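**Q** Residue strings, one per chain:
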Amino acid sequence: MNILLRSWSAYTRATARWPGLAALVPFIPVIALWVAVTESGMFPRAFLPGPVEVVKAFFSLTYRGILPDYLQDSLVRLFTGAALGMAIGIPLGILIGTSKWAHRVSWPILLFFQAIGDIAWLPILLIWFGFGLTTMTFVIVYTVLFPVVLNTVLGVESVPRDLARAARSLGASPARVLWEVTLPGALPNIITGLRNGLGYGWRALIAVEMIVGTSGIGFMMFDARRSGSVVEILLGMIILGLLWYIVDAWILAPIERATGQRWGLVTS
Amino acid sequence: MKTLELRNLKKTYFDPYAGSHVTAVHDVSLEVQQGDFVSVVGPSGCGKTTILNMVAGFIPHSGGEILLNGKAINGPGPERGVVFQSFALFPWKTVLDNVGFGPKMRGVPKAERDRIAHEYLALAGLSHAASRYPNELSGGMQQRVGVVRALANHPEVLLMDEPFASVDAQTRMTLQEELTRIWQERRPTVIFITHDVAEAVFLANRVVVLSKGRVLDQIEVALPRPRVWDDLIEDETFKRLSAQVLHMVRSA
Amino acid sequence: MPHDIDAARPPRWLASAGGAAMFVAPLLALVLIWAIAVPLFGINPRVFPSVAAVGGAAMESIRDGTLIEHIGASLLRVGLGTLIGVVTAVPLGIAMGVSPAVSTFLTPLFRFFSVLAGIAWIPIATLWFGYGFGAIIFVIFNAVFFVVTYNTLLGVSTIPMPLRNAAASLGAGRWALLTEVLLPGALPNIVTGIRTGLGFAWRGLIAAEMIATNVGLGYMLFVARDFYRTEVIILGMIVIGAIWLLIDRLLLVPLERSTIERWGMVRRA
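Protein chains in written order, with our numbering: chain G, 1 to 268; chain X, 1 to 252; chain V, 1 to 269.
A hint or two may mislead.
Said to hold, decoys possible - Pulled from the structure, derived: some chain G residues nowhere near chain X, Cβ distances all over 12 Å: (1) Leu5; (2) Arg6; (3) Ser9; (4) Ala10; (5) Ala16; (6) Val54; (7) Ala87; (8) Ile88; (9) Arg104; (10) Leu110; (11) Pro160; (12) Ser173; (13) Pro174; (14) Asn196; (15) Ser229; (16) Arg257.
To be verified - Covered stretches of chain V, as calculated for chain G (at least 3 residues, CB under 8 Å): (17) 33-45; (18) 90-103; (19) 109-123; (20) 156-169; (21) 174-183.
To be verified - Derived list of chain G stretches under chain V, where covered just means 3 residues or more per stretch with a C-beta under 8 Å from a C-beta of chain V: (22) 66-76; (23) 92-99; (24) 125-139; (25) 245-251.
It is worth saying that the hints were derived from the structure and are not from the lab. All of these numbers come straight from a predicted model, not from anything done at the bench. Cβ atoms here follow ideal geometry from the backbone N, Cα and C, with glycine treated the same way.
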C-alpha cells in the first residue's frame, strides 16, 4: 500500500513537471501486453507481429526513404486541403452567420452536403478528375469545409450583440467590428470546427489514399495489405495515431482551450 | 442525550505533489446533543469543511473517534444528511425525484415517496416547482430543495456545509429565517459550517470557533426564538455575541 | 454560460413543425436549379446526370429491389457494429472512470485509440477477418468503441464529487450509485460520443464497402463508377446524405438536446 502510494506520488509529481510523461507512460503496459501476446504464440506472426519487428520495419523504411516520402505526401495533402478549406470556410461562415436570412436558406443545404460525407464523393470525383491530386485535394477540402463553416456560423451568432453595439458606439466602422469583435468572438468555435474538420479530413485522406492513392501512409498500409505484410500495416497505424495525437493534443486542443477558456467563453 | 461525539479527531492527508503528509485537523473534540443546533465558524483553511466531510463519511479520519449514538461511523450513510454548498442536486431528476431520492434508496414505493416528497416541498414552500428540473430554479430555490431533500430522509444529524454561501444576500436572509423556522418545527440535530459570523450566531444555539485545526472556543447563544432579522439586527445581545465571535475569528 | 449552450444547438426554428418546411424548401430549390441547369448548359450525362435520370435510376432500383438491398446491408452493418460497440464501451468507460487516478492514467491511451478509430483499421481488419461482413463490422465497432469509451470515461470523471457524496449520504449503495448517478451523469458525454463515433463509423462504412464487399451503398457507388453511371452515383450520394441526416437530426441531436439542455448540463469536449 505504502509503496503503491509512494510510486503514485512520484508519478504525479513527475507528470506535473513533464506533462508529456503522462501521455507516454500509459503505453508501456500496452506494449508489454503486445509483446506478451506475440511471444505466447497465440496468433501466428503473419497475423500479429511484435513491436521489435515494427521498429525494424520503421528503420528499414526510413533508411530507404520510403517512409519520409510517404509521410510528407500525406501531410502536404492534409495541410493543403485544410488551408484551402479554412480559406473558403471562414469567410463563408461569417457571411452566413451575419445574415439571418442567409442562414435559413443555406443551413439545410450545408447540413445535407455535410451528411453526404467526403468518401461518398469519391466515385464521381474519379469520373470528373481521374486518379490524382485534384481528387484527393477535393475530398480533403470538402471534409474540412463543412465543420468549419457550420461552427463559424454558430460562433458568429454566439457573439453577444451588445459587444458589436459597444464597438460601434466607440467609433468602430462595420469592417472594424468584423475584425475586432466578430472574428475574435467566433474564434473558439472556428478552432473547434477546424479540429473536428481535421479529424474527419485526416480519416478521409487515409481512405482516399487506400482507394486511389499511389503514395502516402494510407497507400502504404493498403499496399502492405495486398502483399500481406502486417508489419507495415501496424507501422502505418502507429504513425497515424502518433501524428494525429501530436497535432490534436499538443497543438489544436491547447489552442482551443487557450481561446475558449481564457476568455471564459467555454465553461469547462 | 448525546447524538454526535467527536473525540480527538485528527486528519492528515498525503500530498502527492509535495510527497509528504499535511495536517488539516489537529485535535478536535466536540459533543452535540440531540435536537441541538451548532454552528462551526472559522477562517478559510481552519479545517471546518474537512471535519464535516469526515463526519459525513466522505473522507476517512486519521485519528480519534467519531461516534453517532455511541457507535463509530463507517462511510457515508443516511443517518447523516448533508446539505452541500454546491447544492449537489441531481440535474437529471425533477425536484420531486430529488427529494424522493432518499426514500427511494430505502425502498419506499413510488406513491409513498412522492407523498413524502410533496410534504417536504410544502414545508419549504416549493410545491409549485415539483415537476421542474434543478437548473430551471434560482439558486435560493435549489438550496431549499437541497435542505428538504436531506430532511426527507429523516437523518439523525443534518450536516450543512456553507449551504447559503452561493446565494445572494437577500435570499440568504430569507433562507436563514426559514431554516430556523423548520428547525423549530422538526427539531433536527444540525451542524452548520459557515465563515459568516452573523449567520453562525443567528442560527445556532452554540457557536464553535475553529482555528488552524483546533477548537478555539465555544459560545452559547441564548437568543429567544423564533429569530427574524428585523428583530435581531437591533438586538444588543446579538450584536455583542457577533462582535465577540468576530474578534475571535479575526485574531485566530 | 447560456451562450455556449446556444452555440451548441441548431437554431430553434428547426424544432417546430413549420420549421420542417423551412428546412426542405432550400433543398427543393436546389433540385429546381439542378433540373434547369443540366438541360440549359447541355451537360454530358456521363459528367452529371439530369434529375429525370436520377429519378429513373431510383424507380428502377426500387422496383428490382437492389436499392433496398444495399440500404439494408449498410444499415445492418452500422446498427450491429454500433450496438456491439456501445454495449461494450459504456460499462468499460464507467468502470474506468470511477477512480480519478485510473481515469487520469488511461485517458491518453483511449485518446490515442479513438484517434485511430475507423478507417485506419480497414487494412488490418480485412487481413484478420477477410473481405466481407466481419471486417466491416469490426471497423464500425472500433470506430464507435474507442470514441464512446473515451467519452464515457470523460463523462464519469467530470461528474462533480458532491453529487456522488450526496447520493452516498442519502443511502445509495453501489448499484444505486451506478444507475442513479454515474450513468445519467455521464449520459450527455455518452450521447456525444455515440454521435461522433457513429459519424466516423458511417464514413468508415462507406469506405470499407468500396474496398471490401459486394453489397451496400458504398459498393453500389463504386461499381456504378466502373460503368460511368453517374445517375446511380448521384442517387447513392443522395441516399447516403439523407440517411445520415435522418439518423443525426431525428435521433442523435434530439437525444443530445433533451439531456444537455433539459438538465442544464454543458457538454464537455
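**Q** Taking the hints in turn, state whether each one holds.
**A** Checked hints:
The Cβ of Leu5 of chain G does not lie farther than 12 Å from every Cβ of chain X; its closest approach is about 6 Å, which violates its non-interface assignment. Annotated as non-interface, Arg6 of chain G brings its C-beta within 12 Å of a C-beta of chain X; the closest such distance is 8 Å. Consistency note on Ser9 of chain G: stated as away from chain X, yet its beta-carbon is not over 12 Å from all of that chain's, at 4 Å minimum. The Cβ of Ala10 of chain G sits about 7 Å from the closest Cβ of chain X, inside the 12 Å cut-off, so the non-interface label is violated.
The Cβ of Ala16 of chain G sits about 6 Å from the closest Cβ of chain X, inside the 12 Å cut-off, so the non-interface label is violated. Against chain X, the non-interface label of Val54 of chain G holds: every CB pair exceeds 12 Å, the least being about 35 Å. Its beta-carbon lying about 40 Å from the closest one in chain X, Ala87 of chain G satisfies the requirement of being farther than 12 Å from that chain. Every CB of chain X is more than 12 Å from the CB of Ile88 of chain G (nearest about 39 Å), matching its label as outside the interface.
The beta carbon of Arg104 of chain G is kept farther than 12 Å from every beta carbon of chain X, the shortest such distance being approximately 29 Å. Distance check on Leu110 of chain G: its Cβ is at least 31 Å (rounded) from any Cβ of chain X, clearing the 12 Å threshold; non-interface status holds. No Cβ of chain X comes within 12 Å of the Cβ of Pro160 of chain G; the nearest lies about 21 Å off, and the non-interface call holds. For Ser173 of chain G, the requirement that its beta carbon stay farther than 12 Å from each beta carbon of chain X is met, with the minimum near 40 Å.
Pro174 of chain G, annotated as away from the interface, keeps every beta carbon of chain X farther than 12 Å; the closest lies near 37 Å. Here Asn196 of chain G stays apart from chain X, with its beta-carbon at least about 26 Å from theirs, past the 12 Å limit. Remark: the non-interface label on Ser229 of chain G is consistent with the geometry, its nearest Cβ contact in chain X lying 45 Å away (cut-off 12 Å). For Arg257 of chain G, the requirement that its beta carbon stay farther than 12 Å from each beta carbon of chain X is met, with the minimum near 22 Å.
Remark: the region 33-45 of chain V is not confirmed as covered by chain G, as 0 of its residues place a Cβ nearer than 8 Å to a Cβ of that chain, below the required three. A stretch counts as covered by a chain when three or more of its residues have a beta carbon under 8 Å from one of that chain; for the region 90-103 of chain V and chain G the count is 1, and the coverage is violated. Under the rule that three or more residues need a Cβ within less than 8 Å of chain G, the assignment of the region 109-123 of chain V holds, with 12 such residues. Counting residues of the region 156-169 of chain V whose beta carbon lies closer than 8 Å to any beta carbon of chain G gives 1, which falls short of the minimum of three for the stated coverage.
Restraint check on the region 174-183 of chain V versus chain G: 0 residues with Cβ-Cβ distances below 8 Å, three needed, restraint violated. Residues of the region 66-76 of chain G lying with their CB closer than 8 Å to a CB of chain V number 0, which falls below the three-residue condition for coverage. With 0 residues having a beta carbon nearer than 8 Å to a beta carbon of chain V, the region 92-99 of chain G misses the requirement of three or more and the stated coverage is violated. Judged by the Cβ-Cβ criterion of 8 Å, the region 125-139 of chain G is covered by chain V as claimed, because 3 of its residues qualify and three suffice.
Using a Cβ-Cβ cut-off of 8 Å, 3 residues of the region 245-251 of chain G lie near chain V, which meets the minimum of three, so the contact claim holds.
Against the hints set out earlier in the document, violations occur for numbers 1, 2, 3, 4, 5, 17, 18, 20, 21, 22 and 23.
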